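Chemist: Spelled out from the first residue to the last, the chains are:
Number of protein chains: 6
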Amino acid sequence: MKVGVPKEILDQEYRVALTPAGVHALVGNGHEVFIETNAGVGSGIPDSQFVEAGAKIQETAKDIFNTSELILKVKQPLPEECKMLKPNQILFTFIHLAADKELAEYLCESKATCIAYETIEDEEGRLPLLIPMSEIAGRMSVQIGTHFLEKYKGGRGVLLGGVPGVEPAKVVIIGGGSVGLNAAKMALGLNARVTILDKNLKRLRELDDYFHGRLETLYSTQ
Amino acid sequence: MKVGVPKEILDQEYRVALTPAGVHALVGNGHEVFIETNAGVGSGIPDSQFVEAGAKIQETAKDIFNTSELILKVKQPLPEECKMLKPNQILFTFIHLAADKELAEYLCESKATCIAYETIEDEEGRLPLLIPMSEIAGRMSVQIGTHFLEKYKGGRGVLLGGVPGVEPAKVVIIGGGSVGLNAAKMALGLNARVTILDKNLKRLRELDDYFHGRLETLYSTQ
Amino acid sequence: MKVGVPKEILDQEYRVALTPAGVHALVGNGHEVFIETNAGVGSGIPDSQFVEAGAKIQETAKDIFNTSELILKVKQPLPEECKMLKPNQILFTFIHLAADKELAEYLCESKATCIAYETIEDEEGRLPLLIPMSEIAGRMSVQIGTHFLEKYKGGRGVLLGGVPGVEPAKVVIIGGGSVGLNAAKMALGLNARVTILDKNLKRLRELDDYFHGRLETLYSTQ
Amino acid sequence: MKVGVPKEILDQEYRVALTPAGVHALVGNGHEVFIETNAGVGSGIPDSQFVEAGAKIQETAKDIFNTSELILKVKQPLPEECKMLKPNQILFTFIHLAADKELAEYLCESKATCIAYETIEDEEGRLPLLIPMSEIAGRMSVQIGTHFLEKYKGGRGVLLGGVPGVEPAKVVIIGGGSVGLNAAKMALGLNARVTILDKNLKRLRELDDYFHGRLETLYSTQ
Amino acid sequence: MKVGVPKEILDQEYRVALTPAGVHALVGNGHEVFIETNAGVGSGIPDSQFVEAGAKIQETAKDIFNTSELILKVKQPLPEECKMLKPNQILFTFIHLAADKELAEYLCESKATCIAYETIEDEEGRLPLLIPMSEIAGRMSVQIGTHFLEKYKGGRGVLLGGVPGVEPAKVVIIGGGSVGLNAAKMALGLNARVTILDKNLKRLRELDDYFHGRLETLYSTQ
Amino acid sequence: MKVGVPKEILDQEYRVALTPAGVHALVGNGHEVFIETNAGVGSGIPDSQFVEAGAKIQETAKDIFNTSELILKVKQPLPEECKMLKPNQILFTFIHLAADKELAEYLCESKATCIAYETIEDEEGRLPLLIPMSEIAGRMSVQIGTHFLEKYKGGRGVLLGGVPGVEPAKVVIIGGGSVGLNAAKMALGLNARVTILDKNLKRLRELDDYFHGRLETLYSTQ
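Protein chains in written order, with this note's numbering: chain A, 616 to 837; chain B, 616 to 837; chain C, 616 to 837; chain D, 616 to 837; chain E, 616 to 837; chain F, 616 to 837.
FYI, nobody ran anything at the bench for these hints, they're computed from the structure. Nothing here was measured: the structure is a model prediction, and the numbers come from that model. No residue lacks a Cβ here, since even glycine has one placed at the ideal position from N, Cα and C. Hints may be right or wrong, so weigh each one.
[To be verified] Computed beta-carbon distance windows for the label pairs:
#1 F/GLY772 x D/GLU782: 37 to 43 Å
#2 E/GLU736 x A/ALA636: 32 to 38 Å
#3 E/GLY669 x C/GLY792: 49 to 55 Å
#4 A/THR728 x C/THR734: 47 to 53 Å
#5 E/GLU821 x D/VAL787: 27 to 33 Å
#6 A/ASN681 x E/ILE735: 53 to 59 Å
#7 F/GLY772 x E/GLY669: 21 to 27 Å
#8 E/GLU736 x C/LEU744: 32 to 38 Å
#9 E/GLU821 x F/ALA636: 39 to 45 Å
Given only the sequences and the hints, what does the whole structure look like? Please build it.
Modeler: See the structure below:
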């Protein structure tokens, strides 16, 4: 199959849908891989690494969309990308249609087959392509929180873990799923006092076990 | 030297001043050791173990006080014991004179040399014979506290560590010395939330280090 | 539905079947909730909190049983409660019929629908309403054990975690289910040496993992 | 003694030299305390709390400098503050003279007695008023570092602790003193791989002990 | 059923297929157990312990094979053992046929029913008789590795955990199953830096959780 | 000063007295450093690294002893080395004279100034050049112990940490100094049950604190 990876064009999006290792695996299984020039630069991957792994570099997104049967992206396509999609082409990326009627219409018009990362389920009904995002989101939430608590950012001048003799901050996490678990790991790592609220007692029990009683679990009521 | 160990007669006192291992060490160094019969029974040590270790058993406290140059006890002597003390005899035990004028007078009259365990200092000015008492006191304080928090003892029905979904108890420890440190170990071991107050910032820093940020240290003000 | 909560009348039972948060949730879903006056006092919940949450207070247990379609209790009903049950009324409480033939007969006569908390299973066949009881039982077993090891309670004068230089106590836990796991958490928290026996090797493996090798797991043979 | 606390006027300085608890302690020992109005606002302490603790509020810095025998500040005095200092008045604050010849001249001219926080030594030759600054600096260094590693701040897009399947960041700390220790605590708390360099092997040994082998200690050579 | 346990005759094999506790359980359930004399000696179990547990001792392997309906062994049978097997007899042991065509032919000729430990699956498709072998293999791999890193064994003279000031060794574990997990536990216990490679991201997540971020998990690519 | 490092000639000794970083530091301070060719090979350091760091390579030990004012070695000199020592030359190495009268006589005859590493004390009376040896000895003692417990080495076939369902080994460490502490770290890291005996109660307290109650400390009696 011809697999194409255009450069992401959404503002502030530096990722690329495929790593050289991914290229290597696909090519090793008999596929052809096309990468738009500089697609990996935002992630620190020069074209040469993709070439070494077996990819072919193409100059423009248009080339990618013209050549490929399967388009791999990170974020939902912008209108100019949607217009390049063709019937029977497969688009595989995060889409998040629910909030974006215009995008839904564009995709329908394209008659391409669009599969959203966020809807892929494993055999236990979990969302394996969302979990890493949740892990990152949970971990970053704490470091972003510490940042905005700093006085010079307009915060309250609170250091999450305090110092000896000074009370640590209290962090309350609403929901004990992947995001909450990862946020709790980081907040406890910085020595904050952490409380997690959830309305699933079984999950609270798992969290209590995971943290060996170091964090407070609280059953959430209305 | 002739060393004598009478049976403790204070109410609720089950300890004995010397273990068989202690007897063994003293005898090995050329001393004679006399133990009052049954002196070790409250601590689960029969006379036979003392004999095996090299001690001689005597029938009464009077025998011990008559024979020995050095009297080893656990608690302060009661009046009937004071009266058996002789000039030049050495009494080595916990005494706690400060709170007991009558005892002070008895001991003065006896003209014995009385050395209180609680006043022995090591080269760094610490009280090595008090530290084990503090360790035990600190550890027991928490288990006694858990007991009186139980509902059927008239307590508030609070379980120190809570269970998943229910808030743990908050334990506040005033003073971060040996007693406080040991109380904190036990309270954290039971998963309570623990705060230690002290007015010595250096000590708070040591406690914060010891517990790796698991407990809250608070500088104590008026 | 009309939901009623009588005050528990079993000796030494201080709990109440519903918290104000539970009242709030039920009322929010369109039910009516009736609470017997002072039902929450043993748990530190005054009538006023139930009223605030949307409940109506009734004077007597008789009122509750007359008004309600669903009766929520904590412990099995005593004979005088059984006699107030009516056909088609639902009783939801711990019952433990197996050991109490008289109670079984009373409940049959009442023609009420009686559902025992201890028989509710989740989709994995576990007993979610029993687990919190097991957690509490396991945790309390250790603090009750420490209490009866104290000398003045007639115990052996053993401190669970010892102190430096003195051997800690050895705690043997028979069965590594919820009760055993929670007992082990507390006993290790107090620094005792803990061994768990179970005849399920997979469970021993989970416990070994959970405690990161801190406790001894032993396969139980006859 | 009359003790005065002017509001800090250095840019970005939100602290105040005395808390209400400090006021309380000084007043309780027979001193008079004067606080410039709004001195505590940057730290979230309204004048009313100082008044409650026994302080008197004064309108201007000039009033404070005129009234007080001892001036307590946080940061070194700016020229306009130096000019208000009087012979025999005592100034107690961070000064950091070494880098600021102009300030040194101003203070000499004032003929006040100036004691710098950063020069106070305890009986072991340590600097107790600097340690809390080091603790805060070390802890903040990591959260500031995490911030500038974020992609949208121009960083390399590295998450300190990684996520499962992705390498964590490597943090190298030069010097294992108070700052380094506190930075290491936070960096390990976020699950980074941490190496500390120091040329004091005894200190490396203490750090290895403190972190129970979780961080790498490396003897620093030229 | 008549159950027989011959002494293992494979070189370097010191184990025995049944412990006295196992004998006790089988006999208690109505079976007869026959043990070849000295079968347990390599594991420190004298015949007398088997007798006490209810077994009968037989002189030779021939006796065991003649008497028993079920033969329990540890390792695959050697040719001389295969020849003693009889039709309808059951052999229960590790077999590992895949690598040994000659053995397969011997067993077919014997017309015995041969069940290999390594093929037994539990209800979740796991191999419960292999897991303990994996646990031991994983744990021993590290201690054998430490041994061959020692200089006098021709190794590189590297101490796994280093000492303060000296870099610890880096251990890379390929595959995060039971063997890998147990190897990681031991390597981390010795303070090495550990990386686990696996191509199952879910498993890496479990390992990251298990070790609370102390080891590096790396997604394995080609 | 001229500093010389001969190749170690004792059997099984692979170390070298100076690393390239040490050479660099000495040369940077104005000294000349001479290394015997191949002196670093046993430690994986080729001559070229010493040269890069500023050393000069000499062909024979004789050259080194002839040129240098200060001789740095690892182990005590053998007779052939003693004979090359000259009056006023300084020898700095491990010597361990107490057990070796012949060596003492050789060194006296040489009239060199011999300073033994093992006698250097820091300001607190500790032996800083022995501590790293103790750390290594303590850590290696455990891995050597695990090795000789293996069945095929004639051991008892005991795995230090056991596996789930099987008792871990019991490790008893006599003396809680640097060696004992490091042995305990490794033994606990492998999940053995560890007891340390010492007759210094203060040290036992430190060890109990260090291991947070995970090991048993026992006061050592005769």
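Chemist: All hints are to be evaluated individually against the structure, with a verdict given for each.
Modeler: So, going through the hints one by one against the coordinates:
1. A hinted range of 37 to 43 Å for the beta carbons of F/GLY772 and D/GLU782 is consistent with their spacing of about 39 Å.
2. Checking the proposed 32 to 38 Å range against E/GLU736 and A/ALA636 shows it holds: the Cβ atoms sit about 34 Å from each other.
3. Between E/GLY669 and C/GLY792 the CB atoms are about 30 Å apart, so this pair departs from the stated range of 49 to 55 Å.
4. Checked against the given bound of 47 to 53 Å, the beta carbons of A/THR728 and C/THR734, roughly 49 Å apart, stay inside it.
5. A hinted range of 27 to 33 Å holds for the C-beta pair E/GLU821 and D/VAL787, which are about 30 Å apart.
6. The hinted range of 53 to 59 Å is satisfied by A/ASN681 and E/ILE735, whose Cβ atoms lie roughly 56 Å apart.
7. Separation of F/GLY772 from E/GLY669 is about 25 Å and conforms to the stated range, judged on CB atoms against 21 to 27 Å.
8. Look at E/GLU736 against C/LEU744: about 33 Å separates their beta carbons, and that is inside 32 to 38 Å.
9. The hinted window of 39 to 45 Å between E/GLU821 and F/ALA636 holds, with their beta carbons roughly 41 Å apart.
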